[in-house]
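The hints should help you fit chains B and C onto chain A, whose structure is shown.
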Amino acid sequence: MPKHIVRLLALIVVVAIFAFSAKKFLTPDTFYQYGHYRGDAVAEIASKAPKLQGSASCEPCHKKAYAEWTDGIHRKATRKNAIQGVVYKYGPNCEVCHTGPAGNHPSKDAMPLSVEDQVTSITHPEIKVHPANVPGRKLMLTPEEMKGVCLNCHEKMEARPKEQRQIEVASHSGEELCTKCHNPHSPRIIYASLPQSRRGSAQAGKIVAAVCSGCHGAAGMSVNPSWPNLAGQHADFLVDSLKAFKSGVRKNDMMSSIAAGLNEADIRNVAAYFSRFSCGVTGGDKAEAALGKAKAANCAACHSAGGLYGSGAPGVSGIPTWPNLAGQNAEYLASTLRSYQDGSRTHPVMTSVAKTLSDSDIDHLSAYYASMKCK
Amino acid sequence: MESLFHHVTPHVGFIYPNESELPWTQLIVIYPYITGLVAGAFVVSSLHHVFNIKSFAPISRFALLTALCFMFFAPSPLLFHLGQPTRAFNAVITPHWTSAMAAFGYVAGFYVCLLLLETWFAFRADIVAMSKVRAGIMGKVYGWLTLGSDDVSQRALAIDHKIARILAMIGIPAACGLHGYVGFVFGSLKTREWWSSDLMPVIFLLSAVGSGVGLLIVLYVIVSKFRKTPMPNDTMRGLLYVLFTAITVVMVIEGLELLEIFYKGREGVETVRALIVGPIWAGMTIQWAMSLFVLAVTSALLFYNVHGERLVNWLFMAGLAMMIGVLAMRWNVVIGGQELSKTMKGLLTYYPEMFGRESLFTVLIISICPYVTLWLVAKLLPPWEEKIEPENRVFDVHKLA
Amino acid sequence: MTTQDRKFDQQAVALSRRRFLGLLGKGMVCAGTLVSANSAIGSAEVRGGKRAYQQNDAQYTESLNNPPEIPDYNWNDHQWAMGVDTDRCIGCLRCMEACKMENSVQMDAFHHRTWVERYVYLEGSNTAIVDSQADPKNIENTGSETKFRFDNRYRNVKVDKAFFVPKLCNQCEHPSCVQVCPTGATFKVKDGPVLIDTTYCIGCQYCVQACPYGARSFNEVRGVAEKCNWCYHRITKGLNPACVEVCPTGTRIFGDRNDPESPISLFIKNNHVQVLKPEMGNAPNVFYKGTDKEVV
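Protein chains in written order, with numbering that gives the first Met the number 0: chain A, 0 to 374; chain B, 0 to 400; chain C, 0 to 295.
Please keep in mind that the hints were generated in silico from the structure rather than gathered at the bench. Hints should not be assumed to be uniformly reliable.
[Claimed, not checked] Subject to a maximum C-alpha distance of 25 Å in a straight line, what follows is the list of computed DMTMM-like cross-link-like pairs (lysine to aspartate or glutamate): (1) K47(A) to D76(C); (2) K157(C) to E162(A); (3) K294(A) to D265(A); (4) K245(A) to D70(A); (5) K161(B) to D197(B); (6) K268(C) to E330(A); (7) K160(C) to D125(B).
[Claimed, not checked] If you only want the chain B side, here are some residues facing chain C, beta carbon under 10 Å, derived: (8) Y15; (9) G82; (10) T93; (11) A101; (12) T190; (13) W194; (14) V271; (15) A273; (16) G307; (17) R309.
Here a beta-carbon is modelled for each residue, glycine too, at the ideal position from N, C-alpha and C.
One chain only, chain A, in its complex shape:
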């Protein structure tokens, strides 16, 4: 064999040996252990720390918000719903709206905090970054952004299933913030969905009602126009009112002491009893009522069955925890509005609304609602 062929073959052998040993040397140790991949990679990928920590991790610091959520409708999240034997999670938990607080806490710019929150107070115990020191992060949400958090799920939209509660923003709240009426951690309690035991029994309420009938009439129509009619009022509103008297949030010489003597069941029962009666129109000056009707558009957003732009019986609230106004005594309505004005009664919405009304407005509105049919 000629010399150059021999040399060439030798060269090829040297290169081949080098390539072969390089391949052996460079192959990672655990390659081919479980398959055609680096066996170590599995444990490496699994060792990454989770960022979302679950709602339970919020509780130690955010006790109040956590408690609100736990009792509210948004908590249906962790109540296991079984449909056809399949366990469903239903409703948002903390990290749905506050994405990633635990892992990235508190540096997540999309995290909705209420405007009142002191940002500096929420330094997560495990992550020692002061929120003010997180560069490029905006912790406070603008009102528009806050609204967006709710509308992510609740804006009325094609393709959303009917079961999802959806609102038409313009007709539902207009420019108002969602948080004005709703606590985001527990937006609404639906009484209809509560177990039977939490609803009152009208039968049982009749006995308790004997105490009330002295003033509010046996059928819920008050004997004195400065006292409220109870007939046909929402049971939920009556329950809330009695509880407010009992706890001292509302004060009235008569009612505070009577309510103090009622237990939970009594309150629910008596409310159920009075709510079943139908009320009568208590009248009111026709001319004043006509003037009041023009002014009532503002009230109709809450105190009408159809909401702001919808049609519906005026003075009958769509939400059972808000009072019906239709058929209420005009004098009582007027005095209530004035008590909101002077601050002897307070309510997040009504206090500010009442302050926009003049004396004559109050008289007109009271006359208007007194002249409406309540059912």
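Then chains B and C, alone, in the frame of chain A:
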């Protein structure tokens, strides 16, 4: 289009959100293009080496060098395209054989080795001669290239010739395999309607041969004009035959491919139609106009039995058109396939970057490199069967032994 | 257990008694074969389950006897799967946000491990108009690529039918992405998910091309491919994947197929489920309820 997609988005129709950036860009367009040129050039060189067709003798060594130089740069677009170029050898260290791409390192490596060996054997007598005439650094370089053996006896040269022929014989299936394989990389993807075709490897292979012949024609004409050497009529006629055969078969198969897509009319065929008249209409027009031009010119040249200067001029234009047409075809396949969304409900339009790692500028640089290398290599190893005349001394390598 | 189940069990008992003697003879023959098979596979055979994609005998034995060292977790005990109940999806896109946070996915409109598509049939139309959050109009509406929100573009038109479809990696039984990976940087592990070894990926993007579902994306910053892995770091710690964890409506159902009482097993058992693009032959492990002919 209006009725089809309702124009709700700036994309046409609906694409998966991850699709809006094309995974494979213009670099992957020129990768099969350059590889195709290699395959074509190699086939021409082996027409002489293997089949002993004498008319290709004047350009067979030049074709071999062309194949080698283009092969050096065939992997470079891929390297520039990788997200982690430094890890490129992972595919060679632990090749995953169910992947069409895993074999690339081995196929390309094998082919480079084959071309190097064949070149070495084809040029060994010249190398030995050069090592004797040249002094200085170049003399040293030639010395190393001889591997320290100046055996140019009749027997040794006969062995060289035999080995070179065997290598060329291996090289033909290897070249076809290399390029059929590139077609397989695309054709085996069931995801993309525009690629997923059994004809894809064949189309790639045949168009590769066509473009390679075109490249050789163009280079040979230009080089001969510069060197003021005559172009033998037989050689040009031979190239004409190869080009004519290639373009005929390529056009038929490509036509069949399109016909099949539309005749089968599977789900989303409207979107395929929209792709052709939409994002790649320019590419399609260039591809088919150039192909028709080449077909018309080569047919006419054959029909009128043209020779001499007119043959050279028209063949040059046909070769150039072939190269452009195949480049457009590569664009239409690689980019067009990705512009057609996997949803079959939408189309994208790709706008190439001008500067950057994956840009037209990179493409330009990579495309120029093989030509520069070829120029340098042709200086090192003159492929022309002529006498070497260093410093006034007449020295005929073929009479050395 | 329902009445029907109980009945079925009783039948099974009766059957086994009747056939017991007849089967005994066959059993003796089979036993011999089984013993030899057992010795090859080792003691873990009982709970080993099926072989992973592209695993040879030795590697299978290794994965049974010597599983990766993940604290309190053995991949031989699980076979993960996911269900999507499209009837429940409200398109709130909290899953997208949670996924991006959890996995540090690039915060732009072109890189997603999970996303939601909206299908809308306009009145009288036979085909759906589709968009996802990455649609430029949706991004224009929120003014940011990272505020995940669908716009309300169909508010004033008549719509026949509309629904949302969440998408993610299907962790296929025959993953095309794994098939085409030239290096072995992506692979299917024994408990189901398809993972990416980002320290070994060369960034060729062949897998991005090969995925029929568009589930993979390319991270230009890191130079490697990325995709959903069902939060492998979470499920190996007993947590749900991030998207399942935050889904407020229970659209996404996740669990272990080895446990017949797990949410996913019950979901598959009690519903007519489909997979996406079955004609691709990938055999996805994400099961959809209530999809539509237009869903791609």
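For each hint, the structure was consulted:
| no. | hint | verdict |
| --- | --- | --- |
| 1 | K47(A) to D76(C) | holds (21 Å) |
| 2 | K157(C) to E162(A) | holds (20 Å) |
| 3 | K294(A) to D265(A) | violated (38 Å) |
| 4 | K245(A) to D70(A) | holds (21 Å) |
| 5 | K161(B) to D197(B) | violated (37 Å) |
| 6 | K268(C) to E330(A) | violated (64 Å) |
| 7 | K160(C) to D125(B) | violated (79 Å) |
| 8 | Y15 | holds (3 Å) |
| 9 | G82 | holds (2 Å) |
| 10 | T93 | holds (5 Å) |
| 11 | A101 | holds (4 Å) |
| 12 | T190 | holds (5 Å) |
| 13 | W194 | holds (9 Å) |
| 14 | V271 | violated (15 Å) |
| 15 | A273 | violated (14 Å) |
| 16 | G307 | violated (49 Å) |
| 17 | R309 | violated (46 Å) |
Figure legend: structure checked against the earlier numbered hints; hints not met, in rising order: 3, 5, 6, 7, 14, 15, 16 and 17.
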